[in-house]
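J.: Start from the sequences and build out the full structure, keeping to the hints where you can.
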Amino acid sequence: MTTATTPPVSVKVVGANGQISLGKQFAGRQVLVEEQEAGVWLIRTATVVPDNERWLHAPSAASDLSNALSWALQNAPDDAALNTTLTRLSNGQQ
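All the letters of the sequence shown, read from the start, carry residue numbers 9 to 102 under this note's numbering.
By construction, these hints were calculated from the structure, which means they are not laboratory data.
There may be inaccurate statements among the hints.
Distance ranges between label pairs, derived from CB positions [as the list claims (entries may be wrong)]:
id : residue 1 : residue 2 : range
1  : Val22     : Ser71     : 44 to 50 angstroms
2  : Ala76     : Ala54     : 28 to 34 angstroms
3  : Val56     : Ala80     : 27 to 33 angstroms
Think of the CB as a built atom: it goes at the ideal place given N, C-alpha and C, for glycine as much as any other residue.
T.: As structure tokens, then:
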């Protein structure tokens, strides 16, 4: 027989500046605060991804990164064509 446990309830006081403390274990974390109805808030921890970094989380980016890492493991670094590459890049070529 399994007994369900209810999460502990704590009483917090909203300070004069409108803030409450969730505890040191949440210090520095980002949270989503949703007002579900007047006086009822749902607070959830979250990881926010900046818009200009969102592409990194797309499946195609993960696939491209995996392919690049596989290629790098199979192709040791080589300075043989360094001067040619630097000349090409300084001339605006890819």
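J.: Work down the list of hints and note, for each, if the structure agrees.
T.: Verification of the supplied hints:
no.	hint	in the structure
1	Val22 - Ser71: 44 to 50 angstroms	47 angstroms, holds
2	Ala76 - Ala54: 28 to 34 angstroms	29 angstroms, holds
3	Val56 - Ala80: 27 to 33 angstroms	30 angstroms, holds
The structure agrees with every numbered hint stated previously.
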